[in-house]
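K.L.:
Letter by letter, the chains look like this.
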Amino acid sequence: MANVTATHVLDVQGLKCPMPIVKAKKEIDTLASGDVLKVVATDKGSVLDFQGWAKTNKAAELVEQETVSGDQGQALYVHYLRRV
Amino acid sequence: MIDERNTDMSALKDLLAGMDRRLSILEERVDTELTEIKDQLPANRAAIVLFSGDLDRVLAAFIIATGAASMGMETSLFFTFWGLSAVRERRELEGKSLSERMMALMTPGNSLGLTPSKMAFFGAGAVMLRQMMAEKDVSSLEELIALAKDLGVRFTACEMSMDVMGIKAEELNADCAVGGVASFLGDALGAKLSLFI
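Sequence lines, in order, name chains A and B. Heads up: take any position in the first sequence, counting from 1, add 39, and you land on the numbering used here. Heads up: take any position in the second sequence, counting from 1, add 199, and you land on the numbering used here.
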């Protein structure tokens with residue numbers, strides 16, 4: 040379980056590069072400072088993508104990442120982003 | 200005794216005034232030099248030239264552009280030569296010379312007519328590639344183009360290549376500005392990322 044509590048959830052399951060970061064960016068822009076966005080993806084590449092994204096994006100920081108099992112046993116890559 | 204002290208004081212005052220002057224000159228110099236250095240630092244910008252009209256390369260350009268825009272970079276795409284087909288939306292023949300009409304007929308009328316750089320097979324390659332991308336839930340080129348606009352990516356078409364190839368501004372995407380090499384260089388100089396695809 041994650042150590043952070045999400046205030047918003049974004050489901051990007053099934054979406055491929057670059058959609059997870061594109062959708063996350065749009066969502067982050069609507070949030071208030073301190074809000075935490077939980078992004079749930081099935082795209083394996085999203086793990087490194089969000090790390091890279093957080094390196095340059097001033098609007099948000101990557102707080103935590105985890106891999107969990109979905110309903111159908113599929114791997115879910117979960118990213119927690121805090122709006123700065 | 201008192202005279203001596205007065206002399207010391209006035210010498211000290213002169214010294215302080217001199218130092219004050221030197222300090223303000225120094226401050227001014229630091230300010231101007233810092234501004235000059237800041238002007239030379241790369242800006243958080245991505246400037247991409249799309250020269251190719253190959254479906255796979257165009258896809259790569261739009262994936263990088265939408266990714267860069269999502270990372271908060273001010274992103275611009277400069278379309279030139281075959282790359283103009285990516286932002287072309289229709290084909291017009293009226294008012295064109297014979298060679299321009301031939302060029303218009305032999306180049307894709309819009310992004311759906313683009314073919315990949317390998318295994319084009321007279322259009323079959325593009326159909327196969329698009330189908331495989333759809334099966335894997337990768338966004339289509341048309342979705343990426345719309346997304347790039349939505350994310351504020353700036354589109355500029357090369358005026359010179361439009362002129363050479365006989366492509367009119369009306370044939371291009373309405374959000375596409377028309378500019379020359381300086382408009383691209385203005386974006387690229389000082390950008391953190393510049394690509395030629």
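What the hints contain is simulated information worked out from the structure, not anything from laboratory work. For each residue, glycine too, the CB sits at the ideal point set by N, CA and C. Warning: the hint list may mix true and false statements.
To be verified - Okay, derived cross-link-like pairs now, EDC-like style, lysine to aspartate or glutamate, Cα gap no bigger than 20 Å in a straight line: (1) A:Lys-83 to B:Glu-334; (2) A:Lys-55 to B:Asp-255; (3) A:Lys-65 to B:Glu-342; (4) A:Lys-55 to B:Asp-349; (5) A:Lys-62 to B:Glu-370; (6) B:Lys-348 to A:Asp-68; (7) A:Lys-83 to B:Asp-336; (8) A:Lys-62 to B:Glu-341; (9) B:Lys-335 to A:Asp-68.
What the hints assert, rightly or not - Partial list, computed: chain B residues near chain A (C-beta under 10 Å): (10) Asn-243; (11) Phe-261; (12) Ile-262; (13) Gly-266; (14) Ser-269; (15) Met-270; (16) Leu-297; (17) Glu-299; (18) Arg-300; (19) Met-332; (20) Leu-343; (21) Ala-387; (22) Gly-389; (23) Lys-391.
K.L.:
Decide, hint by hint, whether the structure agrees.
P.N.:
Comparing the hints with the structure gives:
1. A:Lys-83 to B:Glu-334: 17 Å, holds
2. A:Lys-55 to B:Asp-255: 16 Å, holds
3. A:Lys-65 to B:Glu-342: Between Lys-65 (chain A) and Glu-342 (chain B) the Cα gap is close to 16 Å, so the pair holds against 20 Å.
4. A:Lys-55 to B:Asp-349: 18 Å, holds
5. A:Lys-62 to B:Glu-370: With a Cα-Cα distance of about 30 Å, the restraint between Lys-62 (chain A) and Glu-370 (chain B) is violated, given a limit of 20 Å.
6. B:Lys-348 to A:Asp-68: 17 Å, holds
7. A:Lys-83 to B:Asp-336: Measuring from Cα to Cα gives roughly 14 Å; hence the hint holds.
8. A:Lys-62 to B:Glu-341: 17 Å, holds
9. B:Lys-335 to A:Asp-68: This hinted pair is violated, its Cα atoms lying about 28 Å apart.
10. Asn-243: 7 Å, holds
11. Phe-261: 9 Å, holds
12. Ile-262: This hint holds: Ile-262 (chain B) lies near chain A, its Cβ roughly 5 Å from the closest one there, short of 10 Å.
13. Gly-266: It holds, given that the least Cβ distance between Gly-266 (chain B) and chain A is near 4 Å, below 10 Å.
14. Ser-269: 4 Å, holds
15. Met-270: Constraint on Met-270 (chain B) satisfied, holds at 5 Å.
16. Leu-297: This interface hint is violated because 42 Å lies over the 10 Å limit.
17. Glu-299: Check failed: Cβ of Glu-299 (chain B) comes no nearer than 36 Å to chain A, outside 10 Å.
18. Arg-300: 38 Å, violated
19. Met-332: 9 Å, holds
20. Leu-343: 8 Å, holds
21. Ala-387: Violated - the Cβ of Ala-387 (chain B) stays beyond 10 Å from chain A, reaching only about 18 Å at its closest.
22. Gly-389: Check failed: Cβ of Gly-389 (chain B) comes no nearer than 16 Å to chain A, outside 10 Å.
23. Lys-391: 9 Å, holds
Of the numbered hints stated above, those contradicted by the structure are hints 5, 9, 16, 17, 18, 21 and 22, listed in ascending order.
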